[in-house]
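Please work from the sequences and hints to get the whole structure.
Each chain, written out:
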Amino acid sequence: MRNQALLFINGKEHRVAGAEAFDTLSNYLRYTLGQTGTKIVCEEGDCGACTVLVGRPDSSGKELTYRAVNSCIQIVGQLDGTSVVTVEGLAPPRELNAVQQAMVSCHGAQCGYCTPGFVVAMSALFETRDRLSEQEVRDGLTGNLCRCTGYEPIIKAALAVDGSRMMRARDLYPSAPMLETIGAHCRDSLTIEHGERTLSAPVTMEQAIGIRSERAPVIILQGGTDLGVQANKRGLRPPLLMSLNGIKGLDEVRIDAEMLSVGGTATLAALETAIRLHAGSVFSPAHGHLAELANILGIFGSPQIRNAGTLAGNIANGSPIADTLPFLFVMEARLELTGRSGTRVVPINAFYRGYKQLDLEPDEIITRILVPLPPSGSEETLGLYKVSRRKDLDISSFTAAIRLQTTARTITAASVALGGVGPVVLRMPSVEALLKGQTITQDLFERAGQLARREINPISDVRGSRDFRLQLAENIFRKFYYERLEPRREMREA
Amino acid sequence: MPSVGRNIPHDSARGHVTGQSKYVDDLPFARNELIVDFYWSRVAHGRIRSVDTSAAAAIPGVAALFTYKDLPGQNLFGPIIQDELLLAEREVLFIGHPIVVIAADSREAIRLARNAIVVDIEELEPIFTIDAAKKAQWHLGESRTIRRGEVAAAFQEAEEILEGQWRCGGQDHFYLESQAAVAYPGEHDALIVHSSTQNPSEVQEVIAHVLGLPINKVTVVTKRMGGAFGGKECQATHPAAIAALVALKTGRPARIVYNKDDDMQITGGRHPFQNDYRVAFTRDGLITAAAIDFFSDGGAYADLSTSVMGRAMTHADNAYFIPNMEITGTVCRTNFPPNTAFRGFGGPQGVATIENIIEEIALRLGRDPLEIRMKNCYGVDDRNVTPYGQPVTNNTLPRLFTECAERSEYYARRAEVARFNRESKTHLKGIALTAVKFGISFNTKFLNQANALVNVYLDGSVQVSTGATEMGQGVNTKIGQLVADELGVDASTVLVMITSTEKNNNTSATAASSAADLNGGAAVDAARRIRTRMTEVAAGHLAAASEGELTASTADIVFAEGQVYDRRSAGRKLKFRELVKICHLQRVSLGERGFFATRGLEWDPVAYVGTPFRYFTKGCAASEVLIDRFTGMMRVLRSDILMDIGRSINPGIDRGQITGGFIQGMGWLTNEELRYAESGMLLTHSPTTYKIPNIQDVPEVFNVDWIDNATNVVNVAASKAVGEPPLLLAISVWCAIKNALSFVSDGKLDAPATGEEILMRLANQKPETRN
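Chains as they are written, first to last, in the numbering used here: chain L, 3 to 496; chain H, 161 to 931.
To be clear, the hints were calculated from the coordinates, so they are not data collected in a lab.
Just to be clear, a hint being listed does not mean it is correct.
Straight line, CA to CA, 27 Å or less: simulated DSSO-like cross-link-like pairs of lysine-lysine [as the list claims (entries may be wrong)]:
| # | chain 1 | residue 1 | chain 2 | residue 2 |
| --- | --- | --- | --- | --- |
| 1 | H | Lys182 | H | Lys377 |
| 2 | H | Lys908 | H | Lys295 |
| 3 | H | Lys377 | H | Lys229 |
| 4 | H | Lys182 | L | Lys14 |
| 5 | H | Lys182 | L | Lys235 |
| 6 | L | Lys14 | L | Lys250 |
| 7 | H | Lys182 | H | Lys383 |
| 8 | L | Lys358 | L | Lys235 |
| 9 | H | Lys908 | H | Lys585 |
| 10 | H | Lys908 | H | Lys535 |
| 11 | L | Lys438 | H | Lys585 |
| 12 | L | Lys158 | H | Lys182 |
This is how it looks when you write it as structure tokens:
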């Protein structure tokens with residue numbers, strides 16, 4: 003057993019124990035190491051100023067793959083076994099990498115406070131690519147806010163970068179020696195204690211379940227995208243934290259003809275990538291459904307959030323506005339829960355018992371999410387919707403999933419889930435019943451919308467008024483009809 | 161080659177991209193340094209019954225706790241009206257009002273101390289709306305009026321009259337770097353304060369004022385700000401003064417850095433406005449009269465609110481000649497944090513009001529709003545005097561309207577929008593082309609002055625110091641370019657130094673878009689004086705060296721490309737640095753202080769008549785939006801900006817001001833909404849809930865350009881100020897949304913036009929247009 007986390011920062015080895023292991027990475031960089039290039043602004047992962055690269059071993063275990071994450075909501079201890087690269091480490095001293103050079107010549111920096119985050123996030127994009135399209139630039143930099151430039155000069159800078167001439171993190175910091183050290187050090191589980199707080203990082207499921215059973219409540223700290231915020235903003239200091247990063251194979255994402263299967267520590271980014279790489283018939287309903295999910299994932303938080311946050315975390319967090327839940331509800335997803343007494347499988351539709359109340363025993367861990375995919379040849383339509391104040395990097399005001407199974411123009415089965423309109427994501431049985439057996443008409447979806455509106459009782463909050471949410475619930479059926487079902491296709495410019 | 165006009169990178173760009181640029185909180189912690197914060201009121205309006213700090217004082221690590229009673233000087237201060245208490249005494253007037261200053265060894269001790277302080281407040285009825293303030297007659301300063309022509313008569317004779325109310329919300333500055341200061345105690349009660357401020361002199365004066373020190377004891381230093389946008393013009397003084405208090409009283413360095421949530425909750429922002437208007441016009445759309453009553457929400461203290469209102473009023477005409485006009489302005493007092501300067505400074509609220517009116521006129525008459533705009537546009541030879549009496553000279557507005565319409569293919573796209581809206585059942589489009597005419601100069605005459613210090617060193621390198629502060633806008637880069645050209649040297653040999661009240665005294669805020677105009681003017685003045693002296697020396701030296709061929713003639717001396725020569729004998733060149741050396745040996749001063757005061761300004765601050773501006777920066781923008789009819793979500797498909805910014809000193813920097821200002825304005829008018837709890841507590845106090853524009857919100861097609869205009873010779877290098885004006889071009893986006901809605905509703909729209917605002921307007925659409 004170890005009591006020191008091991009991480010590399012700009013190629014230099016650091017061993018961290020005690021209080022510092024519980025500090026945020028951004029604080030540790032700035033106030034312990036004096037590396038003040040990394041900036042802290044929002045302390046909640048919503049501005050990207052603190053972005054750093056975190057390298058983890060790829061599937062081969064031979065190379066480190068670097069991804070951008072928000073250092074303000076990661077604690078140092080959870081980065082055990084990683085290589086961190088900050089803005090100071092992107093190029094050798096007195097040199098600029100291609101991204102930095104382009105940001106200088108294209109006036110991509112004004113006040114400079116967001117700039118380190120942008121430079122790091124942009125460098126992350128060029129870790130694996132030589133050139134970016136404008137859409138890739140926009141998608142890749144969604145997690146970084148700038149108040150000065152209006153972004154246009156930053157987009158220009160990214161488009162000007164020739165990644166083939168780029169000093170990349172994986173070139174600047176050779177993986178092999180670091181992986182050797184990490185491999186030797188991180189073979190054993192990690193336990194860091196400070197005062198009343200403990201952070202554990204087991205290396206087997208047995209250990210993990212053991213830790214979770216013997217001392218409760220052990221909070222699983224995986225991406226930390228919510229816990230980090232709670233710690234910074236509400237002073238949340240859970241005494242017992244456990245990271246599952248050390249458990250091999252738990253991050254697997256598998257897609258086959260029948261099933262999408264997502265491991266308990268798979269990040270949302272890994273899920274996105276797996277969907278993108280999945281070869282399947284473009285015309286199959288499964289393909290369409292996965293593409294629909296990928297669209298929703300594309301506006302889930304930001305790249306930094308998706309690189310850290312997991313699907314299991316989104317589920318376990320239990321928020322009524324969790325972006326992935328409506329999809330999982332209408333797809334009748336199942337959760338594989340592993341605990342002391344073995345593994346059980348729970349339908350997600352039965353998992354939530356109330357606001358943040360889960361059918362999850364204190365010793366249990368979500369080890370897999372199973373999403374049955376429709377058989378090829380079936381006739382299905384799925385619409386996933388997220389309405390938020392700002393399209394990107396925002397938390398939903400309202401979410402919806404509508405799934406229809408049809409024969410010709412008759413609905414044989416309907417599943418509807420709405421989020422942001424109650425304490426949990428809601429299935430709408432009455433609306434499903436209304437739709438089932440009917441022929442698709444505009445009038446039917448008008449009535450479905452009106453019924454949905456009557457069935458829900460949303461609250462007014464900072465993300466939207468009750469009236470707004472009622473109107474959205476009504477309209478979303480109209481939107482689904484016009485965009486997905488109307489016989490003569492409309493121009494769909496959006 | 162002169163450096164003015166060249167696209168030179170920002171002088172801090174390399175530091176920014178490598179993380180080497182230092183901001184206040186990047187300064188290393190000094191030995192013995194204290195962290196400072198304060199306990200602020202959670203009650204918007206109340207009477208303080210008692211303050212008990214005894215439990216907090218007992219917490220380990222807590223070094224000091226101060227209330228207003230501990231201030232050695234005056235608690236009452238204010239930039240225009242002295243009505244503000246730095247630390248609350250008997251009453252709290254807004255959530256965020258500082259009550260107890262806490263100094264401790266660690267953030268944890270601060271947190272514990274803040275929780276341990278007990279302040280008993282009797283809650284009083286708060287005022288949170290302009291209507292409530294109007295009813296209670298609770299105002300800040302005096303109401304003012306601009307009046308021209310025969311307004312009443314014009315309304316009597318009017319062919320058409322429209323009236324209505326237009327409202328806009330506030331805006332948080334959302335500078336990335338929160339308010340911050342570090343105060344270092346010196347000898348004999350002297351203090352050196354590093355402050356993230358647009359106005360080091362004001363910070364210096366306020367610190368001296370509240371600490372009871374002579375001003376010369378306080379030095380305020382500003383390296384740079386991580387954004388400011390007006391938010392650090394007045395409101396940087398509070399944290400700096402609080403840190404200075406701790407440093408003076410404890411003798412220890414003291415650092416204060418607001419966290420983002422506190423910053424957003426306790427500092428003020430852009431003023432919400434609620435404006436009543438009446439406008440008279442002909443059936444052809446020619447405006448004959450307008451009466452506009454502006455009401456702003458000033459918050460709890462005056463801050464700069466009266467001045468902001470002045471700019472709103474002087475921008476109510478915008479690009480349009482309105483022969484009979486009456487504009488009144490009243491600042492309402494509420495129990496919110498004092499609202500303050502924010503890029504545009506009232507101008508956006510004034511301009512948006514008249515642009516909304518124009519859209520309304522066009523709707524009434526069933527005409528293209530652009531036709532109404534061009535018909536009423538200020539003339540070149542006549543119809544070219546503003547309601548407050550300032551002539552609009554070098555008027556490029558008609559040209560900008562025409563060229564912007566052409567370049568944006570406005571007319572064809574407007575027809576296409578109408579066709580689209582007839583056919584699409586899922587989406588709506590809208591398009592609008594609006595203008596800006598922004599007056600450059602501080603409305604307050606005396607502020608239009610600046611001084612500069614230029615030092616030439618023996619190797620020919622140059623340092624320039626001015627009162628301008630760098631917040632990313634590139635003022636230092638521009639000043640460096642101006643000085644380089646004045647001395648005929650390469651811009652890379654000129655360093656613009658940290659701003660300090662020790663080098664430049666009694667300076668004005670870096671504000672009103674005019675920092676480069678004023679400080680650039682002063683720096684050029686200083687450099688020119690040095691060059692004049694060096695010219696004398698060069699003339700003599702070159703004549704002597706010519707062995708009788710030349711007589712000394714200062715008129716023939718040229719400074720260019722780092723060299724100095726007599727144009728009659730251009731083959732014989734002195735390196736600039738050689739001449740510097742010669743000057744030094746001849747005991748000729750190589751340092752100089754420059755001064756600049758804008759000429760031609762006259763303004764009656766009571767009657768609101770005169771020439772408050774040196775010139776106008778102008779522009780037009782056409783924007784097209786797409787709205788989802790079912791969710792209200794909107795995106796900008798295309799924006800075309802065409803401006804008149806004179807001759808650009810640095811095209812890359814100016815372009816960045818245009819794109820940045822435009823997007824920031826778009827945020828104000830679309831997604832940035834301040835929502836409050838019933839208690840008056842701000843709910844949207846972090847980027848999770850307060851949504852500034854994201855990179856995905858940048859228009860899909862975004863064309864930015866300016867016309868060539870060399871006529872602005874009244875300003876340094878014939879340039880024009882560019883910081884604020886482009887923000888107002890984002891009104892084109894808001895008008896485009898209004899245009900879209902007008903296809904299915906009465907077109908009424910307030911700001912910000914959030915998705916919710918849009919959807920609720922759509923939900924009330926005309927039944928016959930409902931699909």
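Verification of the supplied hints:
Simply put, lysine 182 of chain H and lysine 377 of chain H have alpha-carbon atoms about 25 Å apart, close enough for the 27 Å limit, and the pair holds. For the suggested pair lysine 908 of chain H and lysine 295 of chain H, the alpha carbons sit about 25 Å apart, so the restraint of at most 27 Å is met. For the suggested pair lysine 377 of chain H and lysine 229 of chain H, the alpha carbons sit about 22 Å apart, so the restraint of at most 27 Å is met. Proximity of lysine 182 of chain H to lysine 14 of chain L is assessed by CA-CA distance (about 23 Å); at most 27 Å being required, the pair is judged to hold.
In summary, the hint linking lysine 182 of chain H to lysine 235 of chain L is supported, as the alpha carbons are separated by about 26 Å, within the 27 Å threshold. For the suggested pair lysine 14 of chain L and lysine 250 of chain L, the alpha carbons sit about 25 Å apart, so the restraint of at most 27 Å is met. For the proposed pair lysine 182 of chain H and lysine 383 of chain H, the alpha carbon gap of about 8 Å is at most 27 Å, so the pair holds. About 19 Å separates the Cα atoms of lysine 358 of chain L and lysine 235 of chain L, which keeps this hinted pair within 27 Å; it holds.
With a CA separation close to 21 Å, the supplied pair lysine 908 of chain H and lysine 585 of chain H stays within the 27 Å bound. A C-alpha spacing of about 23 Å is found between lysine 908 of chain H and lysine 535 of chain H, which places the hinted pair at or below 27 Å, so the restraint holds. Under the criterion of a C-alpha separation no larger than 27 Å, the hint pairing lysine 438 of chain L with lysine 585 of chain H is consistent with the structure, at around 25 Å. Among the hinted pairs, lysine 158 of chain L with lysine 182 of chain H is consistent with the structure: their alpha-carbon atoms are about 26 Å apart, no more than 27 Å.
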